[in-house]
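J.: So you can see what is in the structure, the chains are spelled out below.
Protein chains: 4
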Amino acid sequence: MKQPLTNADEPLWGRTLRRIRQIWPIGEHAALKDAVAPELPEANWQRLRDKIDACLEGRGGEVSARARAAELGEAYLVLNAEGRHNFLELLAREYDVDNAAVEATISRRSRSTDDDERRQLNLELRNLLEPPRSKLLRQFNDLEEGVKFLVDLRAELIPWAQGDKTLHALDQDVHRLLASWFDVGFLNLRRITWKTSAALLEKLTESEAVHEIRSWQDLKNRLGEDRRCYAYFHPRMPEEPLIFVEVALINGIAKTIHELLDEKAPMGNPRQADTAIFYSISNCQAGLAGVSFGNFLIKRVAADLSAKLPNLKTFATLSPVPGFLGWLNAHLDELELSEHEQTAIQMLKETGSPKSTFRKLLHNKVSEADSDISNILQPILKRLCARYLLQARRGDKAYDRVAHFHFSNGAQIEQINWAADLSAKGIEQSAGLMVNYLYKLSDIEKNHERYTGQGKITASPTVRKLAKL
Amino acid sequence: MKQPLTNADEPLWGRTLRRIRQIWPIGEHAALKDAVAPELPEANWQRLRDKIDACLEGRGGEVSARARAAELGEAYLVLNAEGRHNFLELLAREYDVDNAAVEATISRRSRSTDDDERRQLNLELRNLLEPPRSKLLRQFNDLEEGVKFLVDLRAELIPWAQGDKTLHALDQDVHRLLASWFDVGFLNLRRITWKTSAALLEKLTESEAVHEIRSWQDLKNRLGEDRRCYAYFHPRMPEEPLIFVEVALINGIAKTIHELLDEKAPMGNPRQADTAIFYSISNCQAGLAGVSFGNFLIKRVAADLSAKLPNLKTFATLSPVPGFLGWLNAHLDELELSEHEQTAIQMLKETGSPKSTFRKLLHNKVSEADSDISNILQPILKRLCARYLLQARRGDKAYDRVAHFHFSNGAQIEQINWAADLSAKGIEQSAGLMVNYLYKLSDIEKNHERYTGQGKITASPTVRKLAKL
Amino acid sequence: MKQPLTNADEPLWGRTLRRIRQIWPIGEHAALKDAVAPELPEANWQRLRDKIDACLEGRGGEVSARARAAELGEAYLVLNAEGRHNFLELLAREYDVDNAAVEATISRRSRSTDDDERRQLNLELRNLLEPPRSKLLRQFNDLEEGVKFLVDLRAELIPWAQGDKTLHALDQDVHRLLASWFDVGFLNLRRITWKTSAALLEKLTESEAVHEIRSWQDLKNRLGEDRRCYAYFHPRMPEEPLIFVEVALINGIAKTIHELLDEKAPMGNPRQADTAIFYSISNCQAGLAGVSFGNFLIKRVAADLSAKLPNLKTFATLSPVPGFLGWLNAHLDELELSEHEQTAIQMLKETGSPKSTFRKLLHNKVSEADSDISNILQPILKRLCARYLLQARRGDKAYDRVAHFHFSNGAQIEQINWAADLSAKGIEQSAGLMVNYLYKLSDIEKNHERYTGQGKITASPTVRKLAKL
Amino acid sequence: MKQPLTNADEPLWGRTLRRIRQIWPIGEHAALKDAVAPELPEANWQRLRDKIDACLEGRGGEVSARARAAELGEAYLVLNAEGRHNFLELLAREYDVDNAAVEATISRRSRSTDDDERRQLNLELRNLLEPPRSKLLRQFNDLEEGVKFLVDLRAELIPWAQGDKTLHALDQDVHRLLASWFDVGFLNLRRITWKTSAALLEKLTESEAVHEIRSWQDLKNRLGEDRRCYAYFHPRMPEEPLIFVEVALINGIAKTIHELLDEKAPMGNPRQADTAIFYSISNCQAGLAGVSFGNFLIKRVAADLSAKLPNLKTFATLSPVPGFLGWLNAHLDELELSEHEQTAIQMLKETGSPKSTFRKLLHNKVSEADSDISNILQPILKRLCARYLLQARRGDKAYDRVAHFHFSNGAQIEQINWAADLSAKGIEQSAGLMVNYLYKLSDIEKNHERYTGQGKITASPTVRKLAKL
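Quick note, the sequences are listed as chains A, B, C and D, same order.
Our numbering numbers the first residue of the first sequence as 1 and each following residue consecutively.
Our numbering numbers the first residue of the second sequence as 470 and each following residue consecutively.
Our numbering numbers the first residue of the third sequence as 939 and each following residue consecutively.
Our numbering numbers the first residue of the fourth sequence as 1408 and each following residue consecutively.
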């Protein structure tokens, strides 16, 4: 029912583009949007091909071609899901690399004996290996929100591309283009505060993937004076956060998420804090999957905080262990357990599936802090978690994706915390445990090289000892 | 003597980057700037290779690699010209495409019979054909002014690459990267007025390549209420115009540049103007040679003006004919001339070389408006100029580069004007003639296709008749 | 518990001022904040007097005096309510007009026979009649948030000044100063949207006095594309709205508030709307009581809307009638009622107090749209309301304060709506009735003059007829 | 010939106001601008009186009254000088204080015995003593550039008011209003750099009253990295500097203006500078004469510099001595001179008038650094200058207006410099001498009190000794 309306404050280029299309008429193609059915049946494909060809040939000059591509993009926007799928199919199938041309050039190259000629042929080959559709993808940049358009197109494409090799190849083209457009050097790092636009804060709230933002009051608490929130933005998507991180400025390393999210806790003085805890990092654009800037975000925020608040000495995370219980369930039989542990696990099994048991036990634990069962479970689960983090692998990488992310960044495991996230998700994924990864400035590079080069994980003596016990 | 100083208002990313390098120490490499001699003798190359390798391998993680690349960039900045040449040589020679790897992949591809595998090999081949140095070029983006850095690097590289095939290949890489970064969809179109920063206006003044800006008063006149000036900017170079155009809003098509540059002429009312004359368009960044946005600039400015000032009906240029007299001198003997023309040209030759003669004659013409010689010369030169514009070619293109630019954009020749630019340059290049190219909205696409497809030039009946006479 | 912290983005003047106090030391007075007790007992007054005297004399130069006044202001801020009351008492009692000096000047004036001398004495007299404390009030402007400081001081002073003539005189001084500082010519009119800062939107929510904003979702609905919200701001209080108005852009005049606040209603297209309904106007600063800009706000917003949305033809309000039932209760006996009305009212009385009866009846009305009682009550209450609006007075003014506001602005009564506001407040104050006041552009001045000059109210024929029945 | 045009970027309030006048028609008065002759003969005055009366009565409501006042202001703008003079005469003569009403209230006051009544009468009296025209002056604030309008009106009024007591009284009203509007607490302090708008820099250039800015190159030099320039702005005149100061950041106290204005001098590093020299301070708005912010400007800039560049230890001026030679000429006979001095002065007199002699001698001095005459003159003139600064008075104040300004601010004389300003003006006013006034933070208040309280001037021992010799 909502009608999108012209924004009076739209940027010059937007207005200009629309106007261009009015005053530089681009002929018979203009009404494409009305000429194709929403589900884009094959009967309509020829119309599309004509238009795409006109774009790729630059018919009528590059300005016209871009305006025409923008029209194609607008036509895409009014298609339904089936129509979009068909559109992408067409692009993927008919505008792929021309293998005959590639082979002809390879054959010329193989006969060439001249260095310069070969260099020239390399260049030609490289151009031929870029599918023609890539040019159209770039031309979409002239849509009013062209960059966002392509990001959203990919968000829809990714699930379709799973198991469909043709669409997967198209997705690789889009990914390659977005990776170049979203080079971290082009991004702006901005601090988010309670003074930020409500529309933008609403987007953060919807994107928060680690610890759900429950209300505007919760959000306000996370933007208080003893907190920091930073996000990356692309200059062409100034209202769209790409990724954001939430930081608490406190004294000493935080052990539970609850103390950080407590809206009634007194406001601390950030100038007196000695520790910055990164407790949540979330991507906001599904279409940028595989384009990574999380590592830049953490380190740049740490650098910025350290410059502004020289009192800060420690940079660490308070992170979930999302794969722990899933892995434990799957590998329980393979684990070498002490007799004591076996008894405990058995006990859990008898009271039901580990998941529900943990949950009940942990909830009990909260009410009766010194419950016997908690006393038994705590050391066992922390030890299992330590072993999981240090030993469980997928190929060379740590099995846990959060752990892998921080190890790749050069962080080390500092501490495993009991009853640290008692939310439903926290208990179901990691038995309520959370981990502090420490970013120790002098060791970052060394840790990174050990991990990426030799697959070795750095951990504090306590955690190492825990895993060995 | 000038020491570059920290700007207190520098953007967040800049300060952050510098800080990153302080707090995420990148080890033994840090002092590169001091470790290499300004002229970068080969004895220093190994040091560079180590650093470049570290960047390309992403040693210590991508954040460290970028910081290291930024250091390389800073080291480059303190080299002298010889040192920079050596640096670029190293990049060009040692970080080129790995032909052995390319051939191995080609060979695997030739043996493959599976479509999916071949698609995968195409991708690998494409990646192998991108020289490794391209990655370093992209990493320079993390320098404080990384985009400008690369633009300036290329401005220096272009002359060195002429006649040096190795450096030329490097230049092609830089060009390809800049063409992607400066996609017109990323650029901001901004109006320049007398309220614009003096620093930016100073840059325009230095870049004006068509009609020199003689003083701040001259500049102010060109930014008056009956004028418009627009420039394109890259979001990462907000203080650096890329290209700008100067427009006069008047009634009827301007016939001479002098009426437009007259500082004493009364101010017109832009809301009552019916004609926009584009009288100057200049590139500001030598390093962006071959990355073209002039066609976009003209059409977007026309669109913007037309939206804001609905009274405007005619969009035309007042353009120089820079190649005319050079071509005339070279081709005089081949031209089919009437007896009358032969006598006139003969007369010119007798009084000396055509150049100096024209100059003298034209200067006379100004003082004695009805001088006999002017009466004789005017029709002859205008006819020769019409023939030059319509018939002289370089391959398929119009010989005159300004004419070629406007024909490619879909403009048509409207009028040739006598005594239109009596500056030294104007007389020496084009005997004081100037041309109006008309941008007739309804014909733009058709004209463009005729010219680029069939090499046909569109001209007004008057000019066509002139050329035939 | 919250500690106010230095904002890194604070404006230059703020940082500068604080720094001034650091580097231009202002001697023994500096520690005033620590030297007085929070409740400011009379034993502390002498310290204050010394400081105030130093400010008024401009001791150490005007810059120092201002810095000292700022310190006084800061000392004021840390006092408790009793302390502030004492501070204001001191100002009110001891820094009032010097009547002896006034009388001396009056006496010199009475003896003077020279026009020029008398003009000079007038000036002196005028200066003497401005109490010395006014200078200090102005000097507070150098506090970091000096304007807001004075506004908040007055918000606290107003209730204390009721019934205390000394404090009332002080309040008059503060009011006079604020009226000059908040001259409408200095204010900025800004549109509020969902893109506005959350902090600012939160302030609007807290200030909305007519129809409570129930949630962020409710607020978002009020800022949709078919709504407009505008607020006035002072340049020195850019984050503090002074007054705001909410407008709905619809077709035809709205009859109930419920249709406007319905979050599920479809979004309309503002470019097609023919009517702007001003449905809420609220002041945000208690300290600006008596400084009026509501009339400016309505007319400027109407002008701005009319410029941007030329389709709009009708500007009207949907307003509460806050005084209706209170007045009815008090004046029931004096009203001349028809037999029919007497029976109805009697019926109401028998079922309980009018208030609770109305409420019950109206609630019934909603569920049983054609209930007999509603059929009986509707015409009676609308007629009584029409009589109330047209006839009930406080002196020359309409008795109802909302009605008076709109009549003063030149609006006329257009329509009285049944079941228009069924909130608890709506029913208790006005039996659920709401009124449309029409701002008919061509009649505004005439209506204003009729009302302010002759006390005459303009109403539509329907309403006039209703009142007469 | 220049037609002022609507600025597309004008602020909301401006557009709105104009629109208000379109849609809230204010009747027969609208065409005032066309109804009065440019010289405003008395025959036209009645038309004006009607309009002014409508404004003062608030006819049609306050919004209409303001719109009407804005029209009056626009009518004023199209009058010629004679017309404006007549307009101001009318305001001054006919809208002055109503003395009869004043006397009636005085008489009621004298009969009153009640404190509260007397307080009320004081208030009434105060209101009566404010001339009615003041209200109109305030209403002009609704003109598009209302504040600037009043500033410019006063710039024209000031010379007319000299010797005309009626206009002088009007000027006092305008001054009082502007002093309140331009309270320093409302002003914004902004740094001016080479990145500032050319239009604004052009205004600075035109206003520089101490050391003429000779070219854009000279200006650029004064805005280099080792310089600072700050100006005050009013929020309603954001493009109009009110006053600005130029500062050089150097090592050691500057002795001549030439070293500071030398465009070829190497750029210093401001972070290493230990001294800030304030070498020029100029007012930009003639209409703000008598509204002083120079003292605030110097001290706030010093505070800001000191916060940003902690290396700065000394804040001093390099100032002209504009009254020196004028005073010397006038008082030569009264001075007690040593025999040696008498001979020297005599020698000067014989070679012509002191002025031309000094000039010649000083110019000689430059070419022959050790010329005998220079050797003779230097100590004599410096001594006379020291005596002038320390002893010459106008009433309680220092005779030299620059000296008085700095003494009032709490500065002290540090040093008198020979051959410090060899421009024509420098030689003619002060024999090329310049003075350093030192702002010693710890002594500012004490010095100010000594000077304003007891008329005592603080000087360095060197200068004191010089004066005594």
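I should point out that these hints are in silico values taken from the structure, not numbers from a laboratory.
Where hints are given, some of them may not hold.
The calculated lysine to aspartate or glutamate pairs, modelled on EDC-like cross-linking and capped at a C-alpha distance of 16 Å, are [unchecked claim]:
1) B:Lys689 - D:Glu1609
2) D:Lys1853 - C:Glu1000
3) B:Lys634 - A:Asp115
4) C:Lys1133 - A:Glu202
5) D:Lys1572 - C:Asp1052
6) B:Lys664 - D:Asp1803
7) A:Lys165 - B:Glu708
8) A:Lys195 - C:Asp1053
9) A:Lys195 - C:Glu995
10) C:Lys1384 - D:Glu1537
11) B:Lys634 - A:Asp114
12) C:Lys1133 - A:Glu239
13) D:Lys1572 - C:Asp1053
14) C:Lys1103 - D:Glu1609
15) D:Lys1602 - B:Glu708
16) D:Lys1627 - D:Glu1670
17) C:Lys1073 - D:Glu1469
18) C:Lys1103 - D:Glu1670
19) D:Lys1853 - C:Glu1178
20) A:Lys195 - C:Glu1140
21) D:Lys1542 - C:Asp1090
22) B:Lys604 - A:Glu202
23) B:Lys634 - A:Glu202
24) D:Lys1602 - B:Asp585
25) B:Lys664 - D:Asp1522
One side only, chain D facing chain C, incomplete, derived with CB under 10 Å [said to hold, decoys possible]:
26) Ala1442
27) Glu1446
28) Val1509
29) Glu1510
30) Ser1604
In this text, a Cβ means the ideal position worked out from N, Cα and C, and glycines have one as well.
J.: Tell me, which hint numbers fail for this structure?
T.: As far as the earlier hints go, 6, 7, 8, 9, 10, 14, 17, 18, 19, 21, 22, 23, 24, 25, 26, 27, 30 are violated by this structure, in ascending order.
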